[in-house]
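S.K.: Chains as they are written, first to last, in UniProt numbering: chain A, 1 to 794; chain B, 1 to 162.
Keep in mind that the hints were calculated from the coordinates and are not lab data. Since this is a predicted model, take the numbers as computed values, not measurements. Watch out, some of these pointers could steer you wrong.
[Stated by the list, open to error] A few chain A residues facing chain B, derived, Cβ under 10 Å:
| hint | residue |
| --- | --- |
| 1 | Thr268 |
| 2 | Ala272 |
| 3 | Asp273 |
| 4 | Leu275 |
| 5 | Ser635 |
| 6 | Ser637 |
Glycine included, C-beta positions come from ideal geometry on N, C-alpha and C.
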Amino acid sequence: MIHKINFRHKIYMLLSFMMLGVTMQAQSQTAEMKGQVVNEKGDPIPFVNIYSADEKVGTSSGIDGYYELKLSAGEHRLTISSQGFRSHKLNVTLKEQEILTKNMTLIEDVLGLDEIVVTATRNRVQRRKTPVVVSTVSPRLLTATQSISMAEGLNYSPGLRVETNCQNCGFTQVRLNGLDGGYTQILMNSRPVFSSLLGVYGLEQIPTTIIDRVEVVRSGGSALFGSNAIAGTVNVITKDPVLNTWEIGSNLSYIDGKSFDRVLNFNTSNVADDLKSGVTFFGSYRDRQAYDADGDGFTEMVKLKNNTLGSKAFLKPNDYSRLSLNLNVIHEFRRGGDRLELAPQFTDITEQLEHDTFIGGLDYEINSKDFTQQVTLYTSVSHTDRGSFYGGLGGGRTAQDSILAANAFGNTKDLAWNNGVQYTKHFENEDILTAGAEFNHSATEDEIKGYNRLIDQTVNSFGSYVQYEWKATDKLTALVGTRFDRIDVEGEYRVGNVERDVDITQNAISPRLTLSYDVNEAIKLRGGYARGFRAPQAFNEDLHVSSVGGEPQFVILSENLETEYSDAYTASFNFSKTKQKQQFDLLVEGFYTQLNDPFTMVSKGASLPNGSILEEVENGEGAAVYGANVEFKYSPSTKYSFQIGGTFQKSKYEEAQLLYEAQTGTTERDIYVDEFVRNPDIYGFFTASWMPSDLFNLDITGTYTGEMTVPRVINSNGFLNLNKVNSFMDVNLKIESHMHFNDSFMITFSGGVKNIFNSYQDDFDQGPERDADYIYGPAMPRTYFIGIKFGKLH
Amino acid sequence: MQGFFVLVFLIFSQYVQGQSQVEWIQFQDLQSEIDETPQAVFIFFHADWCVYCKKMELAAFKKAPVINLLNQNFINVKMHAESTDEILFDGQVFKNREVNNRRQSYHEIPLILAERHQDNMTLPLSVILDKNFKIIRRYFRYLSPQEMEKELKEVISVLNDK
Chain A
1 MIHKINFRHK IYMLLSFMML GVTMQAQSQT AEMKGQVVNE KGDPIPFVNI
51 YSADEKVGTS SGIDGYYELK LSAGEHRLTI SSQGFRSHKL NVTLKEQEIL
101 TKNMTLIEDV LGLDEIVVTA TRNRVQRRKT PVVVSTVSPR LLTATQSISM
151 AEGLNYSPGL RVETNCQNCG FTQVRLNGLD GGYTQILMNS RPVFSSLLGV
201 YGLEQIPTTI IDRVEVVRSG GSALFGSNAI AGTVNVITKD PVLNTWEIGS
251 NLSYIDGKSF DRVLNFNTSN VADDLKSGVT FFGSYRDRQA YDADGDGFTE
301 MVKLKNNTLG SKAFLKPNDY SRLSLNLNVI HEFRRGGDRL ELAPQFTDIT
351 EQLEHDTFIG GLDYEINSKD FTQQVTLYTS VSHTDRGSFY GGLGGGRTAQ
401 DSILAANAFG NTKDLAWNNG VQYTKHFENE DILTAGAEFN HSATEDEIKG
451 YNRLIDQTVN SFGSYVQYEW KATDKLTALV GTRFDRIDVE GEYRVGNVER
501 DVDITQNAIS PRLTLSYDVN EAIKLRGGYA RGFRAPQAFN EDLHVSSVGG
551 EPQFVILSEN LETEYSDAYT ASFNFSKTKQ KQQFDLLVEG FYTQLNDPFT
601 MVSKGASLPN GSILEEVENG EGAAVYGANV EFKYSPSTKY SFQIGGTFQK
651 SKYEEAQLLY EAQTGTTERD IYVDEFVRNP DIYGFFTASW MPSDLFNLDI
701 TGTYTGEMTV PRVINSNGFL NLNKVNSFMD VNLKIESHMH FNDSFMITFS
751 GGVKNIFNSY QDDFDQGPER DADYIYGPAM PRTYFIGIKF GKLH
Chain B
1 MQGFFVLVFL IFSQYVQGQS QVEWIQFQDL QSEIDETPQA VFIFFHADWC
51 VYCKKMELAA FKKAPVINLL NQNFINVKMH AESTDEILFD GQVFKNREVN
101 NRRQSYHEIP LILAERHQDN MTLPLSVILD KNFKIIRRYF RYLSPQEMEK
151 ELKEVISVLN DK
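Hey, can you work out the whole structure from these sequences and the hints?
M.R.: Here it is as structure tokens:
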């Protein structure tokens, strides 16, 4: 009989031979395990690896799924693995001469949920396995929503809302789980270089072309990332180059048939053939005309001109270390108000800002030879020079008005310097220890001589943290960590005839605990507690001067401002399943955040000598925000993908919170609220994508913002009305088509409509005495856009 | 007349320097090639989403020393790891069994050649086999032009020693 030994058998024999060689070296194998490995449908799985870590022996199942493994008597920890299936761990105990028959079933690996993320535990981990929930906003999502800057793209993550807070300056805020901008820490590549000032306008300044992904951790960020991160962290991770590429793109938007927004951007990468060094350059130019929604001559969206230039380079001196340098410069000009063609002091209202920002960072990473230990050293700096004008004639025409307007020019310098070191150790039992220390220095000097307004603040903070990730059992992981911070705030704050000083040193310990439990392959439960704090200091919204009722409105810290503390609890349920080509993911998360002594802005009315309005930051009543985030993702095949998410929340002050303090001698009364303003009880988003081929795709996306209460200033004393505003549904449509000419050149055309139903605020305040902060809802009216991108390999 | 000689010279110098690209064949054609002339085989597996594979195609596989070493000593096969072709080889038909069940569906051939104790299939994957179709080397990583050149030289001297 001719026995044909074919190719497959040759390989099998080769591998078996290798294994036989190994087993012969081991102790005498007197026991044996055998059986068949099948999948969930009962089909045999060939070439499955069955390996014993204790004895370093293994075998492979044959074409029919049957395997035989000779082992010595005793306990064994076996790993059963095969491409495309979830790894299976098994403990067996064998007696001498025992032949154990064990059949096994392997389950398909869940796909598309294997993204590697950095944020949850500050180490690179598969997203699905992170103990703390991390949501990612991928480049695909940023492209699908035609997000020109990061600010727009962030709306498509559960629990996140980005809102424009000011018509005159376009200042945006990230609101995470119902808490406003100051509670979220924005990081760039895990470093907190978004200083207070940059946080005010910074979101709009990051072009999406350089963003690799954005990771959002809702609540519990504080233990690893510092004092601000009570609501969570938004970590913008920029791209690492691999191939040599270049790309030039341009986008034109037509806002409500009235104003144009033009963007031109480029990026290029060059990486050495040995992958040991590489550099990326990118830049963008944006020119947006101002937009006046209601024809009153005053802008609802500001004129914006932005030039960004950046570079990122890396060098690997050897296989174990990596050095990386990034440098960015941003120049931005914004102007809002009326009669933009005139110099600011001749208009009724102007908010004009010119920013020159430099951001630079250097980091060095070194690994042990077996890659179980790692040390990272980093330093980053961001410096902003800002020229501002907040003021105008305000509807008046007297000489006094003119003099005041001419003196409303201001100057700000802001420096943030962040340094740190981090050590990570991976243990053999899969536990991970992370420890680190950071030193941050930030100095802000903001002066408007005409208003006698000064913010001169220096914050030095030292933080150290340690965290242990404990794999208690196969199913249960516990993450225990704590951070110790020492914050030193020294500041002088002045406006009009009001002067305040802060000189405070605060020590705080922020513990964190997260548990995650794998009920089975598809279901994961997580729960946790985190403590956070904010030391008294001027935050980004305090540096902004509004114009309300024709008067400028300033913010100052009240005397004896105390540190704010928060306790955040979360619990979540995650169900992930892949069935053949279908992918399904459901996340239900409940959150409860308790704020103690929260910083609250209380309006003191027109209490400054020249009639300017003053808002003070005080420690308000304790408050709680609680609710649930739900996110559902479904993809029946690679051609379709759907995502829908919503947040249901309630915010409540323990005692009614004062929002406006009536001045003595007026008939006005104090205004109180018992829930947060500018916070809808329900909000959410959805995305639907059709990708029939490489050459064409269609995306429909949208956000829903429920009803909320928005305060509106109605007279020049700063007196407020609390308006209940209606809900919004804004839907966007985008079509993209690609043309491949060859490997080196490709063109992409795109076009569509944002906010198809023109769901936009329709009750803007008008005229020079308007409340410029009375802006809420979707960031833009119906806007048509077209774009073109060409280059090599994107 | 001079122009003619220049042209001839240029054409010849092309051959003297070596070919300008690797002579890849499809796996489907491998059987007939090795039946004709048994020779060592170099197989490179890649996929659309594998960025490091693309980098190798633009770096190592475009450099003259590597091209010459490959063309002169091996039959070179380039195969798409997610191919859905049914390939007849050594009397057996190999196909992509996962294509209807999974998104990242590998063909049987790369799966067989990539078998390892504990690790899963990764790309780029380069496999070198001798003329008896026995696996000599496997590389589950990106190889720079220098590394590729060094590895090829070493393998060639091992093969010649036999």
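S.K.: Each hint: holds or not?
M.R.: Taking the hints in turn, this is what the structure says about them:
1. A least Cβ separation of about 15 Å between Thr268(A) and chain B goes past the 10 Å threshold, and the interface hint is therefore violated.
2. Annotation: interface hint on Ala272(A) holds; nearest CB of chain B at approximately 8 Å, less than 10 Å.
3. A hinted interface residue such as Asp273(A) counts as satisfied when its beta carbon comes closer than 10 Å to some beta carbon of chain B; here the least separation is about 4 Å, so the hint holds.
4. Hint status for Leu275(A): holds, given a least beta-carbon distance of 6 Å to chain B, under 10 Å.
5. With 10 Å as the threshold, the beta carbon of Ser635(A) comes within range of chain B, its nearest partner Cβ sitting at about 9 Å, so the hint holds.
6. This hint holds: Ser637(A) has a C-beta 8 Å from the nearest C-beta of chain B, less than the 10 Å allowed.
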